[in-house]
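Protein chains in written order, with this note's numbering: chain A, 1 to 359; chain B, 360 to 648.
FYI, nobody ran anything at the bench for these hints, they're computed from the structure.
Given the structure is predicted, the values throughout are model-derived calculations rather than measurements.
We treat Cβ as the ideally placed atom computed from N, Cα and C, and that holds for glycine.
Careful, some of the hints might be misleading.
[Claimed, not checked] Just a few of them, taken from the derived set where beta-carbon distance is under 10 Å, the chain B residues facing chain A: (1) Ala542; (2) His555; (3) Leu599.
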Amino acid sequence: MARIDLQNIRHAYAPDPKSDADYALKRVDQSFDDGGAYALLGPSGCGKTSLLNIISGLVAPTEGRVLFNGDDVTARPTEKRNIAQVFQFPVVYDSMTVRENLAFPLRNRRMKPDDIARRVNDVLDLVSLTALADRRARGLTADEKQKISLGRGLVRSDVNAILFDEPLTVVDPQVKWELRASLRDVHRRTRTTMVYVTHDQTEALTFADKVVVMYDGEIVQVGSPADLFDRPQHTFVGHFIGSPGMNIMPASVDGATVRLGEHSVPLASAPRLDASQKLQLGVRPEFVRLSATGIPATIVRMEDAGRYRVAHLDMLGMPVAAMLREGEAAPAAPHISFDPAGVHLYADSWRVDLGGAAQ
Amino acid sequence: MKPVSQKAWFLVAPVLLLVAFTAIIPLMTVVNYSVQYVATNAQFHWVGDLWYREVLHAEKFWNALWRNLVFSGIILAIQIPLGVLIALNMPRKGWGVPTCLVLMSLPLLIPWYVVGMIWQMFGRVDIGLMGVMLRDFGYNYEGDPLDAWFTLIIMDVWHWTSLVALLAYAGLVSIPNAYYQAARIDGASGWQVFLHVQLPRMARVLTIAVLLRFMDSFMIFTEPFAVIAGGDPVFLSTELSQTVELGQRAAMSIIYFLIILLLSWVFYTVMTRDDGEPIQTGGKSGSAS
Chain A
1 MARIDLQNIR HAYAPDPKSD ADYALKRVDQ SFDDGGAYAL LGPSGCGKTS LLNIISGLVA
61 PTEGRVLFNG DDVTARPTEK RNIAQVFQFP VVYDSMTVRE NLAFPLRNRR MKPDDIARRV
121 NDVLDLVSLT ALADRRARGL TADEKQKISL GRGLVRSDVN AILFDEPLTV VDPQVKWELR
181 ASLRDVHRRT RTTMVYVTHD QTEALTFADK VVVMYDGEIV QVGSPADLFD RPQHTFVGHF
241 IGSPGMNIMP ASVDGATVRL GEHSVPLASA PRLDASQKLQ LGVRPEFVRL SATGIPATIV
301 RMEDAGRYRV AHLDMLGMPV AAMLREGEAA PAAPHISFDP AGVHLYADSW RVDLGGAAQ
Chain B
360 MKPVSQKAWF LVAPVLLLVA FTAIIPLMTV VNYSVQYVAT NAQFHWVGDL WYREVLHAEK
420 FWNALWRNLV FSGIILAIQI PLGVLIALNM PRKGWGVPTC LVLMSLPLLI PWYVVGMIWQ
480 MFGRVDIGLM GVMLRDFGYN YEGDPLDAWF TLIIMDVWHW TSLVALLAYA GLVSIPNAYY
540 QAARIDGASG WQVFLHVQLP RMARVLTIAV LLRFMDSFMI FTEPFAVIAG GDPVFLSTEL
600 SQTVELGQRA AMSIIYFLII LLLSWVFYTV MTRDDGEPIQ TGGKSGSAS
């Protein structure tokens, strides 16, 4: 178990990077506390797998240092870092049985046969593979193979950290829930540092205590699921987290008021801004109210999401989504107003701290 | 009950016709000869299994068969490991890849008989480079059967190891990187990576390589024909070419063909026996949770 520090990590896959665009990871400075459950969340190609591979040592960063418990391990090869990693697609040793697959990492580390047997049985149970323990891995389904991969990740109890790279992509939805619950359970019992890469917000928010949101080679926000929802630091976080995502509208600011065309929205305080910055107003659909007064809008379409409905509106030529609670009807001539608790101002895509807002 | 139209059989006719001309008719002609005695006046006489009994009782046949088996065995024992070893050491990217591929394909492009001629000259003790170099050690493929063996084997290894290497290389490059990464994380040694990752993933192409190399080496003809022109060692094919009686040749051909068929089947069955496991669906494992 270990605390992991990434210091000024930059990484480019091609040699001789010149501009920022050449870097898959632009600059990452991030610590993972010992015993934490982290999710690395972001769209495909944002650099989250690169970051994970830099932690495990499969990829050597172009710049920067990796520390485990304060020790610089940047130059240490993967096998010496004592890390477990589970990949997106099942990686099993075809010629071995399920049991041998799980025992393999332990045997390679010269663990006593009795201890191996005990440990393997525990993990077989954990990933519910006991019934298949003595079957050859070759003939199993993708689901089952991925459980083996997962089991091999969990089988070593003394690892510095367990890294998961979208491990449940190939797994059936039903099994997905079970396995995610097992992982949470393992984390609660062992308090091993876990880093879980995913592009699925539900997966990230249910697995992790802390979610690290990445976008275009950078970390844009680190926080609890509630932080990400209540105070998205970057328009990307607002947009990416939540269903539907945050409404982002171009705006201008006049004192403590945001101007949207001829309409105005009050802010909690007057922000200090640079004139050249591009300003945007961000409001989650949960904080958009439809009533008889406010900014006029027309309903484009309604979407029924089961427990709530989403109204997609056209407001001053901009698309805006509003969430309607069960039983709430959309007015015939809807006007939009924003709940002050959910009004955020973004300057060049980054959130402007307004003090009182979103409390 | 629905009326069944038997006309659909006509759709199979083109395939039947094709197979008949490519395989069945030529083979049946040989079968036909193998049970008859052809007299000098072109008269055919039914002799039943006479030729077969004669072939199977001839010591020459068994000696030739034995030599064939030993030859194929040596060829496989050298070429398969050597090919895999070469494939493991071939570059995976950069300009080395096309260079290697082209250089290694060259021997494969040379016709059998030309290969025979090349080595026949190469090994000659009066003018051949290899022959002259080895002459002092008593090398002479024309006089010494053991030296002839040596020449034939080295010739075949030179000619065909690239095929095994190329097939093994194709198998190797198809292994996803994650397998190597997972093996590093699991603390596997280089030998273990070979044994548990590379070899199982190469198994299919190696099956093909073994089958091809077995069949080809078992049917060896042009090389001994070109180099030693039917001298010792005599293989089944060279023996066959020296058999005069038409019926006996036919019977021997059939036996030869059946042996190759049988051995190929044995190789295939043995090498793919692991693939046949019933594939189970996720249902059973799910219920255990």
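Is the shortest C-beta separation between Leu599 (chain B) and chain A less than 10 Å?
violated (41 Å)
Is the interface hint satisfied for Ala542 (chain B)? The criterion is a beta-carbon contact with chain A at less than 10 Å.
holds (8 Å)
Restraint check, 10 Å cut-off on beta carbons, for His555 (chain B) near chain A:
holds (5 Å)
The earlier numbered hint that this structure contradicts is number 3, and it is the only one.
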